[in-house]
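Novice: Chain order of the listed sequences is E and G. Using the numbering used here, the first residue of the first sequence is number 1, and each one after it goes up by one. Using the numbering used here, the first residue of the second sequence is number 115, and each one after it goes up by one.
Check each hint, because a few of them may be wrong.
[As the list claims (entries may be wrong)] Far from chain G, some chain E residues (derived; all Cβ distances over 12 Å):
no.: 1; residue: Gly16
no.: 2; residue: Gln17
no.: 3; residue: Ser31
no.: 4; residue: Tyr48
no.: 5; residue: Gly58
no.: 6; residue: Glu59
no.: 7; residue: Ser67
no.: 8; residue: Gln103
no.: 9; residue: Thr112
[Claimed, not checked] Derived DSS-like pairs (lysine-lysine); straight-line CA-CA distance at most 27 Å:
no.: 10; chain 1: G; residue 1: Lys227; chain 2: G; residue 2: Lys172
no.: 11; chain 1: E; residue 1: Lys9; chain 2: E; residue 2: Lys57
no.: 12; chain 1: E; residue 1: Lys57; chain 2: E; residue 2: Lys14
no.: 13; chain 1: E; residue 1: Lys71; chain 2: G; residue 2: Lys163
no.: 14; chain 1: E; residue 1: Lys57; chain 2: G; residue 2: Lys163
no.: 15; chain 1: E; residue 1: Lys14; chain 2: E; residue 2: Lys71
Simulated from the structure, these hints should not be mistaken for laboratory data. Even for Gly, the Cβ is constructed at its ideal location relative to N, Cα and C.
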Amino acid sequence: NAGVTQTPKFQVLKTGQSMTLQCAQDMNHNSMYWYRQDPGMGLRLIYYSASEGTTDKGEVPNGYNVSRLNKREFSLRLESAAPSQTSVYFCASSERSQEPNTQYFGPGTRLTVL
Amino acid sequence: AQSVTQLGSHVSVSEGALVLLRCNYSSSVPPYLFWYVQYPNQGLQLLLKYTSAATLVKGINGFEAEFKKSETSFHLTKPSAHMSDAAEYFCAVSDNNQGGKLIFGQGTELSVKP
Chain E
1 NAGVTQTPKF
11 QVLKTGQSMT
21 LQCAQDMNHN
31 SMYWYRQDPG
41 MGLRLIYYSA
51 SEGTTDKGEV
61 PNGYNVSRLN
71 KREFSLRLES
81 AAPSQTSVYF
91 CASSERSQEP
101 NTQYFGPGTR
111 LTVL
Chain G
115 AQSVTQLGSH
125 VSVSEGALVL
135 LRCNYSSSVP
145 PYLFWYVQYP
155 NQGLQLLLKY
165 TSAATLVKGI
175 NGFEAEFKKS
185 ETSFHLTKPS
195 AHMSDAAEYF
205 CAVSDNNQGG
215 KLIFGQGTEL
225 SVKP
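Sequences and hints are given; from them, build the entire structure.
Specialist: Pasting the structure below:
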């Protein structure tokens with residue numbers, strides 16, 4: 001049982017390049033989330049998917065798109081990377097039928113945009 | 115809107131000393147509250163969670179937190195710090211009516227001196 005996995009672990013991009021961050025969970029959770037972590041700002045929600053087939057914007061969605069490919073997988077795409085998107089990205093999942101809605105996190109992707 | 119404030123971005127204690135990490139929240143509805151820990155270069159791991167069942171919540175690794183509604187606080191404590199407790203700690207608030215989204219505090223980095 002791997003929990004939440006993310007690929008890649010590290011990535012360096014040039015301004016304007018695109019890339020997709022991959023996330024998968026094997027806990028049969030309905031909900032999945034993408035966060036970014038920046039120093040002194042905690043984690044901020046980019047997008048989330050309450051269930052398969054639905055996605056919604058979080059606090060900082062600009063410059064990102066997401067796809068809930070199936071129940072297991074939730075990807076985050078940067079269409080045209082900017083230096084301001086240099087950050088650590090975390091994926092999380094949870095089971096909404098449980099109270100409270102405890103989220104389980106992946107190990108993160110460290111992205112640098114030059 | 116919900117929010118979380120963690121007082122002190124960095125706390126330093128000696129090994130064996132009391133650990134106290136402060137968290138205050140704002141919520142218009144009874145909240146669910148969480149403490150997560152992040153060890154260097156890792157994802158977030160759940161320490162404990164408040165679900166309204168009991169105001170004093172015990173978590174992993176000897177940590178506990180007390181929910182005080184009158185003070186809107188959920189401070190994290192551990193009687194005796196260990197070197198392995200050095201990490202970043204995040205307080206978060208959620209109400210399941212918002213799709214289970216978490217609002218995180220800014221984080222507190224705990225250092226433990228020998």
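Novice: Quick check for students: does the CB of E:Glu59 sit more than 12 Å from each CB in chain G?
Specialist: violated (8 Å)
Novice: Is the nearest Cβ of chain G still more than 12 Å from the Cβ of E:Gln103?
Specialist: violated (6 Å)
Novice: Over 12 Å to the closest beta carbon of chain G is the bar; see if E:Gly16 clears it.
Specialist: Since the minimum Cβ distance to chain G is about 28 Å, E:Gly16 lies beyond 12 Å and the statement holds.
Novice: Given the hinted pair E:Lys57 and E:Lys14, is their Cα-Cα distance within 27 Å?
Specialist: holds (25 Å)
Novice: Does E:Lys57 pair with G:Lys163 here, judged by a C-alpha cut-off of 27 Å?
Specialist: It holds: about 25 Å lies between the C-alpha atoms, which stays within 27 Å.
Novice: Starting from G:Lys227, check that the Cα of G:Lys172 is at most 27 Å away, please.
Specialist: holds (24 Å)
Novice: Just want to verify: E:Thr112 was marked as not at the interface with chain G; is every Cβ pair farther apart than 12 Å?
Specialist: holds (15 Å)
Novice: Hinted pair, alpha-carbon criterion (27 Å max): E:Lys14, E:Lys71. Please report holds or violated.
Specialist: Violated, at about 32 Å.
Novice: In terms of Cβ atoms, is chain G entirely out of 12 Å range of E:Gly58?
Specialist: violated (7 Å)
Novice: Verify that the Cβ of E:Gln17 lies farther than 12 Å from every Cβ atom of chain G, and report whether the claim holds or is violated.
Specialist: holds (24 Å)
Novice: Per the stated criterion, does the least C-beta distance between E:Tyr48 and chain G lie above 12 Å, as a non-interface residue requires?
Specialist: violated (6 Å)
Novice: Would the hint linking E:Lys71 and G:Lys163 be met if the CA-CA limit is 27 Å?
Specialist: At roughly 26 Å apart (the allowed maximum being 27 Å), G:Lys163 and E:Lys71 satisfy the hint.
Hint violations for this structure: numbers 3, 4, 5, 6, 8, 15, all remaining hints satisfied.
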